[in-house]
Amino acid sequence: MKRLMLMIMTYFLVNVSFSLAKDKFTTIAPQNPNQPWLEVVNREWAKKLDAELVIKYHPGAKDIPGANAWEKEYQHDPKNIMLLHGGNAESYLLDEIEYDYRNYAYVGLQNLSQVVGKKKDSDPEKGVKIAYSSGSNPSVMSVVMMVCGPKATLDEYLKCYNEKFTYVTGLNNAEIALSFARGETNVTRNPPPKWNLEISQLPGAEFWYSHGILDLKTGKIVKDPNYPVTFEDAFEKRWGKRPSGDFYDAYLLLRNHRDVFQRVLAVKKDNPNLSKFRTTLQATIKDAESSKVFKEKLGDYPWHTGDEVMNLFAILKKQTTEKNLQTLVWWHEKAFKQKVVYKPQLAKN
Amino acid sequence: MIDLIVQYLPVLLIGVGYGFIFGLIPVAGAQVALIGLYPYAEHFMGDPYSMVVMTTAVVISATIGDMFSSVVLNIPGGGGSAATMIDGFPMAQRGEAARALSAGLCSAAAQSLIWGLLFIVLLPYYVKIVYLFGMPEMLLFLVLAMTVICFVSNRYWIRGIIAAIFGICVGLIGEVPNVVGEYRWTFGWDYLKSGIEILPVMAGVLAMPEIIEGVLGKTKALAKIKNTWTQMWQGAKDCWKYRWDSFRGGVVGGIIGALPGLGGGIGDYIAYSLTAVNKRKDDKVPFGKGNVRGVIGPEGANLSHKATAYFPTVLFGIPGAPFEVLVLALLAYVGLDLGSPRLLANQDFFTVLSFGYMAALLITVIISIFFIRYAIKLTQIPKQIWFPFLLIVIVWSCTRYTGGWNDYIILGIFCVIGFIMRYLKMNRVAFLIGFVLAAKIEKIGVAYWQLYHKEPFIFFTRPVSLFLLFTTILIIIYALRYKGNKIDYY
Chain A
413 MKRLMLMIMT
423 YFLVNVSFSL
433 AKDKFTTIAP
443 QNPNQPWLEV
453 VNREWAKKLD
463 AELVIKYHPG
473 AKDIPGANAW
483 EKEYQHDPKN
493 IMLLHGGNAE
503 SYLLDEIEYD
513 YRNYAYVGLQ
523 NLSQVVGKKK
533 DSDPEKGVKI
543 AYSSGSNPSV
553 MSVVMMVCGP
563 KATLDEYLKC
573 YNEKFTYVTG
583 LNNAEIALSF
593 ARGETNVTRN
603 PPPKWNLEIS
613 QLPGAEFWYS
623 HGILDLKTGK
633 IVKDPNYPVT
643 FEDAFEKRWG
653 KRPSGDFYDA
663 YLLLRNHRDV
673 FQRVLAVKKD
683 NPNLSKFRTT
693 LQATIKDAES
703 SKVFKEKLGD
713 YPWHTGDEVM
723 NLFAILKKQT
733 TEKNLQTLVW
743 WHEKAFKQKV
753 VYKPQLAKN
Chain B
313 MIDLIVQYLP
323 VLLIGVGYGF
333 IFGLIPVAGA
343 QVALIGLYPY
353 AEHFMGDPYS
363 MVVMTTAVVI
373 SATIGDMFSS
383 VVLNIPGGGG
393 SAATMIDGFP
403 MAQRGEAARA
413 LSAGLCSAAA
423 QSLIWGLLFI
433 VLLPYYVKIV
443 YLFGMPEMLL
453 FLVLAMTVIC
463 FVSNRYWIRG
473 IIAAIFGICV
483 GLIGEVPNVV
493 GEYRWTFGWD
503 YLKSGIEILP
513 VMAGVLAMPE
523 IIEGVLGKTK
533 ALAKIKNTWT
543 QMWQGAKDCW
553 KYRWDSFRGG
563 VVGGIIGALP
573 GLGGGIGDYI
583 AYSLTAVNKR
593 KDDKVPFGKG
603 NVRGVIGPEG
613 ANLSHKATAY
623 FPTVLFGIPG
633 APFEVLVLAL
643 LAYVGLDLGS
653 PRLLANQDFF
663 TVLSFGYMAA
673 LLITVIISIF
683 FIRYAIKLTQ
693 IPKQIWFPFL
703 LIVIVWSCTR
713 YTGGWNDYII
723 LGIFCVIGFI
733 MRYLKMNRVA
743 FLIGFVLAAK
753 IEKIGVAYWQ
763 LYHKEPFIFF
773 TRPVSLFLLF
783 TTILIIIYAL
793 RYKGNKIDYY
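Line order of the protein sequences matches chains A and B. Residues 413 to 761 (the working numbering) are what the first sequence spells out, left to right. Residues 313 to 802 (the working numbering) are what the second sequence spells out, left to right.
Mimicking SDA-like on lysine to any residue, the simulated pairs with C-alpha atoms at most 25 Å apart in a straight line are: (1) B:755 to A:594; (2) B:591 to B:601; (3) B:755 to A:444; (4) A:538 to B:444; (5) A:484 to B:501; (6) B:553 to B:598; (7) B:752 to A:614; (8) A:576 to B:773; (9) A:688 to B:355; (10) B:755 to A:544; (11) B:440 to A:594; (12) B:737 to B:521; (13) A:538 to A:649; (14) A:571 to B:766; (15) A:751 to B:507; (16) A:688 to A:705; (17) A:751 to B:755; (18) A:707 to B:658; (19) A:653 to A:631; (20) A:749 to A:471; (21) A:538 to A:564; (22) B:752 to A:477; (23) A:532 to B:444; (24) A:532 to B:439; (25) A:436 to A:692; (26) A:749 to B:497; (27) B:752 to B:495; (28) B:440 to B:769; (29) B:440 to A:615; (30) A:532 to B:764; (31) A:746 to A:756; (32) A:681 to A:714; (33) A:538 to A:567; (34) B:601 to B:728; (35) A:459 to B:358.
It is worth saying that the hints were derived from the structure and are not from the lab.
Taking the hints into account, I'd like the entire structure generated from these sequences.
Listed below in structure tokens is the structure:
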């Protein structure tokens with residue numbers, strides 16, 4: 413018995429001292445635990461960083477409280493790294509927030525897409541039931557276009573939305589998945605890792621289309637290699653032409669912010685560890701073993717590190733017009749019944 | 313099997329010891345213990361199955377550790393054994409802490425074993441069952457739970473309903489879901505913006521009135537402990553004698569755990585209510601005053617809930633209870649994606665999970681048996697020291713959130729509410745259940761309305777809905793007609 417206790421104590425002490433000897437960094441996630449993307453990335457990145465990477469979860473409505481806390485508090489510790497979510501980018505355009513993307517330095521991001529799925533046995537054109545979660549609004553706007561077809565005015569879209577859509581609020585991620593599995597909702601949208609690892613396995617789940625990827629060079633949406641049918645392709649197949657118009661332009665602005673900044677690792681501008689973070693993340697992405705894990709679990713999506721992220725900002729800036737912002741505000745208030753704010757300064761700066 | 317024991321025994325022992333300590337600490341419990349594992353998660357990556365063993369051991373041992381805190385300290389560790397306090401603490405005051413702990417341990421272990429085995433056997437059928445529970449069924453299940461608490465075991469059902477509504481209102485204080493910057497009923501007090509934590513409510517309403525009365529000398533002196541081993545044997549015999557109370561508790565906990573979305577926290581109270589209403593001729597001690605059945609019933613629900621919460625988590629990757637969110641995340645960190653077909657086809661995973669569960673249960677029970685004799689010594693500290701000590705521990709536990717004066721004010725407010733409810737003979741458990749379920753009722757109620765408001769007769773068209781509806785009506789009729797089998801209040 414004594415020997416066993418000694419063995420356990422030694423095991424424990426070795427582990428503890430091993431942990432204490434290593435550097436420890438914290439990635440802050442603005443949501444609840446169970447974030448496949450961050451868990452997978454941290455695991456691989458920690459190997460190159462040669463440090464412990466722990467996750468601190470700071471959940472709250474629309475992911476805003478965690479990001480606000482980053483702005484006010486967390487960023488000042490050089491050992492902290494913020495994971496800004498797509499919902500944060502959406503709120504950057506439309507909500508009252510305290511954080512500002514322009515204030516941070518970027519370690520890197522994965523330029524992701526969104527997967528829209530439906531129940532095999534349902535016909536969304538007869539009615540769509542979809543659950544709200546932080547960052548779901550652009551996908552719902554795309555579903556509105558898919559279901560309602562080309563419309564000349566925003567009012568026509570609104571009429572169609574009111575007739576055919578049920579936007580279920582208040583459910584958490586697990587409940588959203590379950591309500592889809594049960595068939596209570598018939599359309600769902602998810603980040604690729606979540607779709608790949610969880611939702612696509614649910615009974616009756618069927619891929620419908622993906623958002624596609626924003627091309628850094630052209631600023632246009634290109635095919636997602638993991639899910640090649642983009643929204644634009646699916647729309648053209650159903651309605652005979654590519655989507656266009658004010659509603660589509662506003663959707664693109666929201667979609668691009670939301671998807672490009674879906675998973676961004678940021679630090680304070682003068683963080684002394686910034687170059688270490690960047691080089692180790694770049695090394696992780698290039699590492700054959702880690703790259704294989706990323707492809708398998710997160711999908712084959714491009715990574716951008718360091719200053720490349722700023723190029724993405726420049727592309728998004730061009731799309732941020734007062735008209736697009738006004739359309740988004742109008743739609744969120746009239747259709748989604750959400751309280752949002754109009755921020756003309758985003759189009760000016 | 314021997315290979316598994318050799319390979320995982322150190323992890324099992326560390327997990328059980330670590331979880332048990334967290335169970336004993338007021339405020340802590342399984343969730344806090346699991347959060348504490350994050351910094352060490354990378355050490356499990358060499359053998360991801362060791363994380364399966366670790367998390368399972370932590371959950372089981374912390375849940376059993378909770379019971380010690382409830383019986384000896386009158387504080388629920390992580391909230392899982394809250395209903396056990398109602399009769400467990402009075403038993404401890406009577407010098408029968410060892411009997412209460414032994415009875416509770418046997419009940420929890422037996423139901424854990426039954427439902428753990430059922431988990432393995434029923435896994436293939438679970439998918440079909442869970443799909444029968446949509447929003448209408450969830451809503452009706454919540455109504456049924458509230459009905460049981462308000463009507464079945466309590467004599468004053470109108471006061472019970474009022475207490476439950478009051479609890480719901482208190483539970484809705486804070487941020488309006490999904491609306492940033494909009495708060496409900498905070499009366500300009502910023503502290504309330506993040507809502508009210510459960511521990512000050514539970515301690516203030518349920519535990520503090522008794523403790524304060526103890527400090528002020530209104531309760532009887534603590535009785536001397538009778539022979540510990542005799543008591544423990546008596547507790548085990550009680551568990552066998554009242555095995556149907558334990559089993560009923562197990563069924564309640566098992567069903568609630570298996571239904572994702574309902575969460576824990578109510579199973580033990582429902583089990584307690586159903587136990588209390590089933591009066592027996594040989595009930596010498598009233599419920600609420602230290603009836604051992606009041607420990608056996610809820611403890612039956614406590615671990616069975618944990619066992620069946622693994623159903624949705626393992627099969628769909630959808631957490632069946634709050635602690636399962638953390639299990640899911642920890643296992644994902646080491647590369648085990650619960651709910652993925654690849655993992656479901658992995659026989660090794662299920663072997664290690666089953667082994668970890670059963671072995672952790674066995675080790676925890678053995679540790680608990682030896683620990684009982686030391687835990688109960690706490691109750692023998694002279695009353696003049698013991699009650700003030702308890703008071704300090706409870707106040708300390710309830711003021712860990714901000715550490716500021718706001719925490720003390722909230723605890724004070726709920727103490728006053730507890731005293732008033734006791735004086736008015738209002739059902740304090742109904743209040744707590746209302747508080748615990750408030751967010752859930754709002755969420756499921758809103759989702760139900762959004763999805764089904766155009767189908768007013770949906771309840772009558774679905775078999776499970778219909779069953780739950782009729783059960784609720786029958787319970788109300790039974791409760792209104794048969795008043796004899798009820799306790800005054802708790």
